[in-house]
Amino acid sequence: MKHFKYLSIPYIVWLLILVIIPLIAMIILSFADSNGFDFSTMTFTLDNWANLFDTVYLSAFWNSIKIAGISTIICILIGYPISYIISTSHLRNKMALIMVLVLPMWSNQLLRIIAWEKIFYPVSIINNIGISLNLIGTDFAVIFATVTMYLPFMILPTFTVLEKLDKSYIEASYDLGVSRVRTFLKVTLPMSSKGIMSGIIMVFLPASTGFAITERLGGGKIIMIGNIIESFFKRAFNYNMGSLLSLVVIMVIMGAIVLLSKFDKEGETLI
Amino acid sequence: MKKSKISISSILKWTFIGVIIFILYLPILIIFILSIDSSKTGNSFTGFTLDWYKEIFTNKSLYMSIITSFAVALTATCISAFLGTFAAIGIHSLNKKVKGKVMLLNNVPVLNADIVTGISIMIICSFLVPLFPDIFGYWTMLIAHVFFTMPYVILSILPKLNELDPNLYDAPTDLGLKPMKALWKVIIPAIETGIISGALLAFTLSIDDFVISYFTSGNGVTNFSNWIYVRLGRRNFTPAAYAYNSLLTIVILICVLTPQLKKSKKKVGNK
Numbered sequence: 554m555k556h557f558k559y560l561s562i563p564y565i566v567w568l569l570i571l572v573i574i575p576l577i578a579m580i581i582l583s584f585a586d587s588n589g590f591d592f593s594t595m596t597f598t599l600d601n602w603a604n605l606f607d608t609v610y611l612s613a614f615w616n617s618i619k620i621a622g623i624s625t626i627i628c629i630l631i632g633y634p635i636s637y638i639i640s641t642s643h644l645r646n647k648m649a650l651i652m653v654l655v656l657p658m659w660s661n662q663l664l665r666i667i668a669w670e671k672i673f674y675p676v677s678i679i680n681n682i683g684i685s686l687n688l689i690g691t692d693f694a695v696i697f698a699t700v701t702m703y704l705p706f707m708i709l710p711t712f713t714v715l716e717k718l719d720k721s722y723i724e725a726s727y728d729l730g731v732s733r734v735r736t737f738l739k740v741t742l743p744m745s746s747k748g749i750m751s752g753i754i755m756v757f758l759p760a761s762t763g764f765a766i767t768e769r770l771g772g773g774k775i776i777m778i779g780n781i782i783e784s785f786f787k788r789a790f791n792y793n794m795g796s797l798l799s800l801v802v803i804m805v806i807m808g809a810i811v812l813l814s815k816f817d818k819e820g821e822t823l824i
Numbered sequence: 447m448k449k450s451k452i453s454i455s456s457i458l459k460w461t462f463i464g465v466i467i468f469i470l471y472l473p474i475l476i477i478f479i480l481s482i483d484s485s486k487t488g489n490s491f492t493g494f495t496l497d498w499y500k501e502i503f504t505n506k507s508l509y510m511s512i513i514t515s516f517a518v519a520l521t522a523t524c525i526s527a528f529l530g531t532f533a534a535i536g537i538h539s540l541n542k543k544v545k546g547k548v549m550l551l552n553n554v555p556v557l558n559a560d561i562v563t564g565i566s567i568m569i570i571c572s573f574l575v576p577l578f579p580d581i582f583g584y585w586t587m588l589i590a591h592v593f594f595t596m597p598y599v600i601l602s603i604l605p606k607l608n609e610l611d612p613n614l615y616d617a618p619t620d621l622g623l624k625p626m627k628a629l630w631k632v633i634i635p636a637i638e639t640g641i642i643s644g645a646l647l648a649f650t651l652s653i654d655d656f657v658i659s660y661f662t663s664g665n666g667v668t669n670f671s672n673w674i675y676v677r678l679g680r681r682n683f684t685p686a687a688y689a690y691n692s693l694l695t696i697v698i699l700i701c702v703l704t705p706q707l708k709k710s711k712k713k714v715g716n717k
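Residue numbers (our numbering), protein chains in the order written: chain F, 554 to 824; chain R, 447 to 717.
Fair warning: there could be bad hints in the mix.
What the hints assert, rightly or not - Derived DSS-like pairs (lysine-lysine); straight-line CA-CA distance at most 27 Å:
(1) K558(F) x K543(R)
(2) K647(F) x K747(F)
(3) K627(R) x K747(F)
(4) K720(F) x K558(F)
(5) K545(R) x K720(F)
(6) K739(F) x K459(R)
(7) K606(R) x K542(R)
(8) K717(F) x K606(R)
(9) K709(R) x K647(F)
(10) K627(R) x K545(R)
(11) K627(R) x K606(R)
(12) K647(F) x K606(R)
(13) K459(R) x K708(R)
(14) K717(F) x K747(F)
(15) K500(R) x K486(R)
(16) K815(F) x K717(F)
(17) K747(F) x K547(R)
(18) K459(R) x K717(F)
(19) K542(R) x K627(R)
(20) K647(F) x K459(R)
Source of the hints: derived by calculation from the structure; they are not laboratory data.
Between the sequences and the hints, there should be enough to build the whole structure, so can you do that?
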């Protein structure tokens, strides 16, 4: 099939254009003071870079890492056991149960955030059943919503690897007199680490860079880096600082991509 | 003794899964309650109504945003599935070293933050505005959606290509079929399941997209998620959005779960 190589060229060109040109534009914009995307009137400045270590941005970065990190850990602690229980169960149709767990993703994500928002305010429809919550603006509300939003992304890859895992390794371990706990720690867990790894990436990256959950549930108190970038591009029209912060996000993600390629040479673990 | 111990642990296991399912479905339940609640603010349940379901068909800006969502998702899915198939075959034919690099590039839209992808496409498209003044809206959203869905199509086709017998392509060409015809008649039918699952994934991601469309929509053309976002907390928000989402969720639940249930029934029959 070697002479189908050329079929990949248009796609590579398309990717290069859509990845590289905006990247160059962002680098230029980050060194400039410009009026929107108007490159003709812009002036060179290093102010944006000098402001990068402003406490506002540092605390936003810290918040993103903290909230996404805690949410990812909770997703592992809930998602992995669920995958493990289902894959080791004697259910006839395990896939149906996994589908039940994944289906809420098909309901609009913004409306699901609003649903939590609606019951996290003290006055809400759950007053009718005698409950009143006051959670808007707390880390708990943001982390809770993040976990419910991204949990399916942890369940899917971990379930897939656990299902593919050759059960005879575990039986061999039992036959050799190794206890259940040790077998889990020494055989099952290492053999399913690839699934956990892609689960972590699929939860942490969107959770740390989103802005809708903090926007609706943070009550203006919890600001993540996504909120700041969004306000620079959509409200303040300061594309220069916005570009610089986007570049920082890109660099962090590039690091993650390189790390992932160390784990998986073919780059095909993601689904 | 041992038997009762097992049943206690299994009760704990299934209650755990039950609680998680309840939490994942709670927002969907709340959206449904809000869709039949006559109160417009959704802060208390004031009575049963079906008016919001009727409003889906009378509120022009709402149904236009729904139509846009479907138009963008359908066209982006078709383009991604069609071109993605050829791109995947091309990438598969590359030698290992080049392939690894291309896959790294392919993973950029998958792993990159939605907010950065959205801003990148916004930057590229604003360069095109002098040439095509009305490009922002449907066309920019389409470019963005093809950009971020095609890598997923490729990721779901490549494993199928790896499973293929390398001789599968040689046989028809040895029998005198032209390469393109061999591709069309032999290779593509063999990777059909990968194409279909990639297309389904692309459609799901596209129809529910919020962040990328947030930065690439314009000129009054917007999709359902963004229709909600710009109206939240304003007067022109209407619970008809809840009604539409509830309808969609119910349809998807039925479509996905019926084949699964049939499958498990069949298995019971076989036993």
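Kindly indicate which numbered hints from before are broken by the structure, ordering the numbers from low to high.
Hints 3, 4 and 5 contradicted; others consistent.
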